[in-house]
Amino acid sequence: MNFQAKLTGKDKWKFFREMPAQATFGFDVLTMMGDVENGEPNQQYAVFDAIKVKPALIEYIKNIAEQVWRVYAAGCKYIVEEFSEEDLLECGYLPDYIPHILKGGILPPDMRFDIAVHPSAFYSENYQPQNIRILEANVATPTFFWESFVGNMFVVEHFGLEDPNPRAFETHAALFHQYVTEIAQLYAIDLSKFPLCFSVPQSYIEDILAMATRQAMYSLYAESISCFTDDLVFESHPQAEPALYAHNQLVKMLMVHYPNEWFIEDVGEGINQPADILDTPARPWDYMAELTYTDRLLKLPSILADIMQNKAFMAILYECLDEFDAEIVETIQNHIPRTYFKEVDAAQNCAIWWEKPILGREGAAVKQHTQIQPESLTWNFQPGDEEYLNQLAVFQEHCEMPEIDLGNGAKKLMFTCYVGPNGQATAVAARTTLSQIIDAKTGLWIPIGN
Numbered sequence: 001m002n003f004q005a006k007l008t009g010k011d012k013w014k015f016f017r018e019m020p021a022q023a024t025f026g027f028d029v030l031t032m033m034g035d036v037e038n039g040e041p042n043q044q045y046a047v048f049d050a051i052k053v054k055p056a057l058i059e060y061i062k063n064i065a066e067q068v069w070r071v072y073a074a075g076c077k078y079i080v081e082e083f084s085e086e087d088l089l090e091c092g093y094l095p096d097y098i099p100h101i102l103k104g105g106i107l108p109p110d111m112r113f114d115i116a117v118h119p120s121a122f123y124s125e126n127y128q129p130q131n132i133r134i135l136e137a138n139v140a141t142p143t144f145f146w147e148s149f150v151g152n153m154f155v156v157e158h159f160g161l162e163d164p165n166p167r168a169f170e171t172h173a174a175l176f177h178q179y180v181t182e183i184a185q186l187y188a189i190d191l192s193k194f195p196l197c198f199s200v201p202q203s204y205i206e207d208i209l210a211m212a213t214r215q216a217m218y219s220l221y222a223e224s225i226s227c228f229t230d231d232l233v234f235e236s237h238p239q240a241e242p243a244l245y246a247h248n249q250l251v252k253m254l255m256v257h258y259p260n261e262w263f264i265e266d267v268g269e270g271i272n273q274p275a276d277i278l279d280t281p282a283r284p285w286d287y288m289a290e291l292t293y294t295d296r297l298l299k300l301p302s303i304l305a306d307i308m309q310n311k312a313f314m315a316i317l318y319e320c321l322d323e324f325d326a327e328i329v330e331t332i333q334n335h336i337p338r339t340y341f342k343e344v345d346a347a348q349n350c351a352i353w354w355e356k357p358i359l360g361r362e363g364a365a366v367k368q369h370t371q372i373q374p375e376s377l378t379w380n381f382q383p384g385d386e387e388y389l390n391q392l393a394v395f396q397e398h399c400e401m402p403e404i405d406l407g408n409g410a411k412k413l414m415f416t417c418y419v420g421p422n423g424q425a426t427a428v429a430a431r432t433t434l435s436q437i438i439d440a441k442t443g444l445w446i447p448i449g450n
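All the letters of the sequence shown, read from the start, carry residue numbers 1 to 450 under my numbering.
Calculated from the structure, these hints are not laboratory results. Do not take every clue at face value.
To be verified - No more than 16 Å apart at the CA atoms, straight line, and that leaves these computed lysine to aspartate or glutamate pairs for EDC-like: (1) LYS342 / GLU397; (2) LYS77 / GLU343; (3) LYS54 / GLU170; (4) LYS412 / ASP114; (5) LYS62 / GLU125; (6) LYS193 / GLU223; (7) LYS103 / ASP114; (8) LYS52 / ASP114; (9) LYS52 / GLU403; (10) LYS52 / ASP163; (11) LYS62 / ASP114; (12) LYS103 / GLU125; (13) LYS103 / GLU403; (14) LYS367 / GLU355; (15) LYS367 / GLU397; (16) LYS77 / ASP322; (17) LYS103 / GLU82; (18) LYS52 / GLU223; (19) LYS54 / ASP231; (20) LYS54 / ASP163; (21) LYS103 / ASP295; (22) LYS52 / GLU162; (23) LYS77 / GLU323; (24) LYS52 / ASP325; (25) LYS367 / ASP405; (26) LYS62 / GLU81; (27) LYS77 / ASP87; (28) LYS62 / ASP163; (29) LYS342 / ASP322; (30) LYS342 / GLU90.
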């Protein structure tokens with residue numbers, strides 16, 4: 001059945017269009033829904049339906065994600081304890097991060113793995129080592145959150161399928177609340193006086209929806225406040241200690257969805273600055289760094305998230321295999337694609353490989369190379385990606401993904417899996433694309449059920 005036939009007489013798209021408003025638990029947020037043009041919806045979704053995925057595969061993905069979470073925790077611990085400033089700089093970690101990485105921190109509240117399932121595992125339940133590969137981890141600013149924990153549930157229940165992640169929202173909420181509570185106790189933060197503040201930039205719709213969902217989870221247990229990142233105020237005065245305020249309320253714990261490299265690049269706007277002081281305010285990062293380094297502000301996720309989200313992390317795991325125990329090494333070799341700092345190493349060991357900027361986001365500026373056409377078979381370069389041109393890159397082996405045809409063209413299918421702060425996998429979801437690369441522009445959410 002083709003795309004138009006799926007719409008004829010069923011109006012499934014109306015359900016999709018109205019669903020976010022019904023599924024945000026009372027939160028008034030913007031959504032990613034498209035407008036209706038000429039009586040038909042523009043295609044914000046791959047298909048106005050849900051696809052079936054075998055329950056055994058869902059559980060297998062969760063199991064592997066939990067194994068890889070342990071790898072990431074071990075790898076992060078090794079870097080913090082063993083790497084020098086020179087080591088970190090050589091691997092591409094930003095100079096501004098170095099003091100914070102060397103100081104250490106707490107593991108992030110969660111992370112989302114992007115996962116390639118080999119076609120043989122998807123179609124025949126041939127679950128063998130190396131059939132589930134982790135393409136990258138989204139740790140510092142993980143999105144695709146509402147889709148994973150709320151949207152997918154609404155779709156599959158509406159169309160009479162089983163939810164592949166039963167009670168995922170409640171489970172993840174409980175884990176997150178326990179995490180926040182334990183950290184507050186560790187740092188002597190009274191959450192009744194200084195509630196957790198959720199913050200997100202007001203210009204990114206997907207981020208707003210993701211953070212609203214996180215705050216909805218937390219609201220099952222405790223009160224919180226929220227503030228757009230653009231409106232956060234750093235107080236810096238010679239006669240007072242630096243502090244962070246959200247709507248005139250002192251903040252001691254901040255859950256923020258804003259890349260640290262943006263804080264570094266941004267320039268602050270002076271408020272109530274004395275007329276005789278003409279200096280441009282320091283970068284927001286400078287204030288944030290001072291507050292977090294001295295533990296006057298607890299920022300979630302911590303700098304450890306930037307260690308793990310940096311794509312150099314996967315190359316470090318392979319460079320340092322001898323430093324880990326046998327179980328960790330086995331997981332790395334089975335479920336993390338071979339990743340190299342030098343392209344010559346990838347060319348010697350891979351038939352097809354990807355060149356990935358270490359700080360790239362959502363597939364930006366990645367290139368595919370082959371032995372036959374090493375110069376670049378596919379280059380995903382969009383306006384605004386210029387920052388990645390001179391950035392250190394890693395070279396990662398290509399991983400096959402299944403293709404599905406929903407009546408509107410064959411599409412690659414990529415899975416994702418959220419893992420909570422204790423290493424428990426909570427929600428598997430899926431994205432698809434018509435192109436070789438699932439990025440922010442072409443990657444489409446596709447609901448899954450069983």
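Hint check results:
A threshold of 16 Å between alpha carbons decides the hint, and for LYS342 with GLU397 the separation of about 12 Å falls inside it, so the pair holds. With a C-alpha separation of about 27 Å, the suggested pair LYS77 and GLU343 falls outside the 16 Å cut-off, and the hint is violated. Distance restraint check for LYS54 and GLU170: the Cα-Cα separation of roughly 23 Å exceeds the 16 Å cut-off, and the hinted pair is therefore not satisfied. Straight-line distance between C-alpha atoms of LYS412 and ASP114 comes to about 13 Å, which keeps the hinted pair within the 16 Å bound.
At most 16 Å may separate the alpha-carbon atoms for a hinted pair to count; LYS62 and GLU125 meet this at roughly 15 Å. At roughly 10 Å between alpha-carbon atoms, LYS193 and GLU223 fall within 16 Å of each other, so this suggested pair holds. Proximity of LYS103 to ASP114 is assessed by CA-CA distance (about 29 Å); at most 16 Å being required, the pair is judged violated. In summary, the hint linking LYS52 to ASP114 is not supported, as the alpha carbons are separated by about 19 Å, beyond the 16 Å threshold.
As the CA atoms of LYS52 and GLU403 are separated by approximately 14 Å, the hinted pair is consistent with the 16 Å bound. Distance hint between LYS52 and ASP163 is fulfilled; the C-alpha atoms sit about 10 Å from each other, no more than 16 Å. Proposed proximity of LYS62 and ASP114 is supported: the alpha carbons are some 12 Å apart, at most 16 Å. Proximity of LYS103 to GLU125 is assessed by CA-CA distance (about 45 Å); at most 16 Å being required, the pair is judged violated.
The straight-line distance between the Cα atoms of LYS103 and GLU403 is roughly 45 Å, outside the 16 Å bound, and the hint therefore fails. As the CA atoms of LYS367 and GLU355 are separated by approximately 5 Å, the hinted pair is consistent with the 16 Å bound. Proposed proximity of LYS367 and GLU397 is supported: the alpha carbons are some 12 Å apart, at most 16 Å. The hinted pair formed by LYS77 and ASP322 meets the criterion: a straight-line CA distance of about 15 Å does not exceed 16 Å.
In summary, the hint linking LYS103 to GLU82 is supported, as the alpha carbons are separated by about 12 Å, within the 16 Å threshold. Straight-line distance between C-alpha atoms of LYS52 and GLU223 comes to about 37 Å, which puts the hinted pair past the 16 Å bound. For a cut-off of 16 Å, the pair hint linking LYS54 to ASP231 is broken: about 45 Å separates their Cα positions. The straight-line distance between the Cα atoms of LYS54 and ASP163 is roughly 11 Å, inside the 16 Å bound, and the hint therefore holds.
Note on LYS103 and ASP295: the hinted pairing holds, with a Cα-Cα distance of about 11 Å set against a maximum of 16 Å. Proposed proximity of LYS52 and GLU162 is supported: the alpha carbons are some 9 Å apart, at most 16 Å. Of the supplied pair hints, the one linking LYS77 and GLU323 holds, its CA atoms being roughly 11 Å apart against a limit of 16 Å. For the hint linking LYS52 to ASP325, the alpha-carbon distance of about 38 Å lies beyond 16 Å, and the restraint is violated.
Our distance criterion of 16 Å between C-alpha atoms is broken by LYS367 and ASP405, whose separation comes to about 25 Å. For the hint pairing LYS62 with GLU81, the CA-to-CA distance comes to about 29 Å; that exceeds 16 Å, so the pair is violated. For the given pair, LYS77 sits about 15 Å from ASP87 by alpha-carbon distance, which is consistent with the 16 Å threshold. At roughly 15 Å between alpha-carbon atoms, LYS62 and ASP163 fall within 16 Å of each other, so this suggested pair holds.
With a CA separation close to 19 Å, the supplied pair LYS342 and ASP322 exceeds the 16 Å bound. For the hint pairing LYS342 with GLU90, the CA-to-CA distance comes to about 13 Å; that is within 16 Å, so the pair holds.
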